[in-house]
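Protein chains in written order, with the working numbering: chain A, 30 to 258; chain B, 2 to 126; chain C, 29 to 456.
No wet-lab data here; the hints were simulated from the structure. Wrong hints could be hidden among the right ones.
[Claimed, not checked] Restricting the straight-line Cα-Cα distance to at most 20 Å, the calculated cross-link-like pairs of lysine to aspartate or glutamate (EDC-like) are:
#, chain 1, residue 1, chain 2, residue 2
1, C, K418, B, E25
2, B, K36, C, E381
3, C, K235, C, D402
4, C, K418, B, E30
[What the hints assert, rightly or not] Computed footprint of chain C on chain B; a stretch qualifies when at least three of its residues, placed anywhere within it, have a C-beta under 8 Å from a C-beta of chain C:
#, region
5, 45-53
6, 56-62
7, 83-92
8, 110-122
Think of the CB as a built atom: it goes at the ideal place given N, C-alpha and C, for glycine as much as any other residue.
Now for the letters of each chain:
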Amino acid sequence: MKKTLTGLMICVLCLPAGHAGETTPSIREWTPAAWYETMRLKPAGDATRGARLAKVGYCYTCHGDQGVAPSRNAPSLAAQNETYLYKTLLDFRSRLWWADHKDDGMHALARTFTKQDLADLAAYYATRKLPTIRKVKKGDVHTEKLVRFGDPSRLVTSCAACHGAHGEGGVNEVPRIEGQSYLYLKRQLTLFKEGRRHNDVGAGMRFVTEALSEDELDRLARYYANGQK
Amino acid sequence: MKRILLTVLSCIACQGWADSAVIEFTPAEAFAKDKPVSGQVLGDNCSACHGTHGAFFNEIMPPLAGMDRDTFIRLMLAFKQGVRPTIVMNDVAKPYSREEIERMADYFSNLPAQPWSRQTLHEEK
Amino acid sequence: MLLNRRDVLKLFGAGAASLALPHGARAAAAPRLVIVGGGIGGAALAKYMRILNRDIHITVIEPNPRFIFCPGSNEVLNDEVSIDDLTVTYDTLRHRYGAEVIQERAVEIDYAGHHVLTSGGRRVPYDWLAVSPGPQFIYEAVEGYSEALAQGDFPHAWKAGPQTLRLKKLYQSMRPGGVVVISAPPMPYRCPPAPYERASFMAAWLKRHNPTAKILILDSKPDFIFQANYEDYWRDKFGYGTDHAMIEWVGSHEGGTVRQLDPAAHTVITADGERIRADVINIIPPEKAGRFAFDTGLTLGRDWVPVNPYDFRSRKDPNVFVLGDAAEADPMVKTGYVASNQAKWIAQIIHGEMTGRDPGNPLWTNNCVAMAGDDYGMTVTDTYRYHGGKIVTQETLIANPSHNPHLNALRASIARNWQRSFRRDIFE
Numbered sequence: 030m031k032k033t034l035t036g037l038m039i040c041v042l043c044l045p046a047g048h049a050g051e052t053t054p055s056i057r058e059w060t061p062a063a064w065y066e067t068m069r070l071k072p073a074g075d076a077t078r079g080a081r082l083a084k085v086g087y088c089y090t091c092h093g094d095q096g097v098a099p100s101r102n103a104p105s106l107a108a109q110n111e112t113y114l115y116k117t118l119l120d121f122r123s124r125l126w127w128a129d130h131k132d133d134g135m136h137a138l139a140r141t142f143t144k145q146d147l148a149d150l151a152a153y154y155a156t157r158k159l160p161t162i163r164k165v166k167k168g169d170v171h172t173e174k175l176v177r178f179g180d181p182s183r184l185v186t187s188c189a190a191c192h193g194a195h196g197e198g199g200v201n202e203v204p205r206i207e208g209q210s211y212l213y214l215k216r217q218l219t220l221f222k223e224g225r226r227h228n229d230v231g232a233g234m235r236f237v238t239e240a241l242s243e244d245e246l247d248r249l250a251r252y253y254a255n256g257q258k
Numbered sequence: 002m003k004r005i006l007l008t009v010l011s012c013i014a015c016q017g018w019a020d021s022a023v024i025e026f027t028p029a030e031a032f033a034k035d036k037p038v039s040g041q042v043l044g045d046n047c048s049a050c051h052g053t054h055g056a057f058f059n060e061i062m063p064p065l066a067g068m069d070r071d072t073f074i075r076l077m078l079a080f081k082q083g084v085r086p087t088i089v090m091n092d093v094a095k096p097y098s099r100e101e102i103e104r105m106a107d108y109f110s111n112l113p114a115q116p117w118s119r120q121t122l123h124e125e126k
Numbered sequence: 029m030l031l032n033r034r035d036v037l038k039l040f041g042a043g044a045a046s047l048a049l050p051h052g053a054r055a056a057a058a059p060r061l062v063i064v065g066g067g068i069g070g071a072a073l074a075k076y077m078r079i080l081n082r083d084i085h086i087t088v089i090e091p092n093p094r095f096i097f098c099p100g101s102n103e104v105l106n107d108e109v110s111i112d113d114l115t116v117t118y119d120t121l122r123h124r125y126g127a128e129v130i131q132e133r134a135v136e137i138d139y140a141g142h143h144v145l146t147s148g149g150r151r152v153p154y155d156w157l158a159v160s161p162g163p164q165f166i167y168e169a170v171e172g173y174s175e176a177l178a179q180g181d182f183p184h185a186w187k188a189g190p191q192t193l194r195l196k197k198l199y200q201s202m203r204p205g206g207v208v209v210i211s212a213p214p215m216p217y218r219c220p221p222a223p224y225e226r227a228s229f230m231a232a233w234l235k236r237h238n239p240t241a242k243i244l245i246l247d248s249k250p251d252f253i254f255q256a257n258y259e260d261y262w263r264d265k266f267g268y269g270t271d272h273a274m275i276e277w278v279g280s281h282e283g284g285t286v287r288q289l290d291p292a293a294h295t296v297i298t299a300d301g302e303r304i305r306a307d308v309i310n311i312i313p314p315e316k317a318g319r320f321a322f323d324t325g326l327t328l329g330r331d332w333v334p335v336n337p338y339d340f341r342s343r344k345d346p347n348v349f350v351l352g353d354a355a356e357a358d359p360m361v362k363t364g365y366v367a368s369n370q371a372k373w374i375a376q377i378i379h380g381e382m383t384g385r386d387p388g389n390p391l392w393t394n395n396c397v398a399m400a401g402d403d404y405g406m407t408v409t410d411t412y413r414y415h416g417g418k419i420v421t422q423e424t425l426i427a428n429p430s431h432n433p434h435l436n437a438l439r440a441s442i443a444r445n446w447q448r449s450f451r452r453d454i455f456e
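Throw the hints in and build the complete structure from the sequences for me.
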């Protein structure tokens, strides 16, 4: 009996291991057309399989059990937009999202998964629950204005227009940003502003952050972090 | 049954979950009567991976400078107890006592969350 | 900038003044720490000393204007890393940490007068001296081998630099089906997993460019660290243990010890008298403490420098600390990681003496990494404590081999992370 069980476990655990490099991805930036086509071809994700992959992929090490980040150092993935998760993993794999060595881990890891694996992981995390969905606290007047109305004089679209009234995420690949850590949000906003992160479709985030000051980005990061440590 | 379950669990370990060969290990309690090791001396052992004063913000291994004290303690205790497999941190956390982990937490939570290269030390008084 | 301009001027002002004064008359001036050797141990001590203490005058005596890191240098053989990536200058130590760097060789210690004498004839006064000379190679342990041969066609490449590039050129231009012999030394030596890491990186390159070539590791030890991991990876990638193995390993128990080199015949001779001809011969000689430690009598008739296990003061003179590979700090292994943590602790000791504060007990880790390929990393965690009047190993855990490709990729990427952040921790 013991032996049978042992054999069984070995088998089960050997299966999910994906293999790298079906194709060599190009690192061309996303045009809306290319992205829509990729979205259209996205394989349907299997959350059960994704759960297993998240385990053998050690995803919880940084992103926590069930995708709730255990510290400020990585984003929560629970209840994240599934399309966004899939795209993010693709971008890490192709190295389109690579700003500095912090992203080496995600690049190395994403390369060990197939596209189907990535879709399964996305399905798994998208269906996890955040412990509580908190409402974003009120920020200062200027930050609230940027969040709700943007700044037409600088052609800055409001955050809410894409990311939702409470930062809960929007259509297509627009992610939930509420409740991520300040450190994470500030880093991403800064990388967009400096043009070091360039996996945003049509350079949307780069366009907005370029117009905003460092101080404004800092306040926005605090606003959406919503006290998250 | 318990034995079979244990075997299955240890098999999971050998099939891809990180585990380590224990060449030598003495629990921290064996050193409880020695003079204490300060949070700084403990914490400065972390710098080769996490940066000087735990303040490298652009590497895979995360910065510790300015980290929330309670979060640090909670994570280190989970690593120490091997709650779940990790890449290396279970092994790293294992030799420290709870008090030592708390001292490290005090040390790191009081350091500025600023990249080391941009920090100024010994400012004009 | 850690120090502002005024601080630096103040420090060097104090230093210049005290140079002219005999020992003892300097009491009012800033205390002086002199460090011999600007490698990992010496540089880490200078940096961490300054972090702890604003006032101390720090001098580093190091003849080379640049330092080339050994960790990461096996990747140079595989074209993954360049020597430039591993090279740092002393500018940061000078400008950020306010250390005076004298680019001369230290030749003598005047223990009674508290001075170090340099090759340029300077007498550098100290209150504390820290000696971090690294190891030297015992060429004569392999009959027929010599420093001259190492600098020529038989590089050991155990100090990153020209020999690394020479070795790379030699094995990469080898005839199809050529043989590389690596002779791995007995313990203790600098960075125990490195010969096997080297073989792995060479094999990865040869597999692509010279697939019938072979690497033969002749070992003066019966086993080695990460053996299970390396053999596992070699089986997977290089047919290890089969007739077509690209890497073969022969331990000392099977006659792997190399006793002699016949350079003219390109042949090594083992302890069993077997003659093995090879296209490239990479002998990594046994080691002992660096020459400066012998010349100054610090070794007290031993191969390594005996030190007090609590604070690393040399047995010869309590004002002289010895750290890094040269120190006899058993059971600690000889790695840059350990050297850097010894340095941080010595800074605590000196700072404690200056301020009258007890630094408590030390703890040193050697949480080190090695690689077998860009998709395969491994980790070891050593923890050492001071207990019962000696250094004891509290923990040694070695990551088991894994066939989980995700985990292996993560281990490899944190190994690279370590190489970068370790360099930065010493020199940034």
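Evaluated hints:
1. This hinted pair checks out: K418 (chain C) and E25 (chain B) have alpha carbons roughly 17 Å apart, not beyond 20 Å.
2. Pair hint K36 (chain B) plus E381 (chain C) holds up; C-alpha atoms about 17 Å apart against a cutoff of 20 Å.
3. A distance of roughly 14 Å separates the Cα atoms of K235 (chain C) and D402 (chain C); the hinted pair therefore holds under the 20 Å criterion.
4. Distance hint between K418 (chain C) and E30 (chain B) is fulfilled; the C-alpha atoms sit about 18 Å from each other, no more than 20 Å.
5. Coverage of the region 45-53 of chain B by chain C holds [criterion: at least 3 residues with CB-CB distance below 8 Å; count 8].
6. Counting residues of the region 56-62 of chain B whose CB falls under 8 Å from any CB of chain C gives 4; the rule of at least 3 is met.
7. Under the rule that three or more residues need a Cβ within less than 8 Å of chain C, the assignment of the region 83-92 of chain B holds, with 3 such residues.
8. Figure legend: the region 110-122 of chain B, annotated as covered by chain C; annotation consistent (5 residues with Cβ-Cβ distances under 8 Å, at least 3 required).
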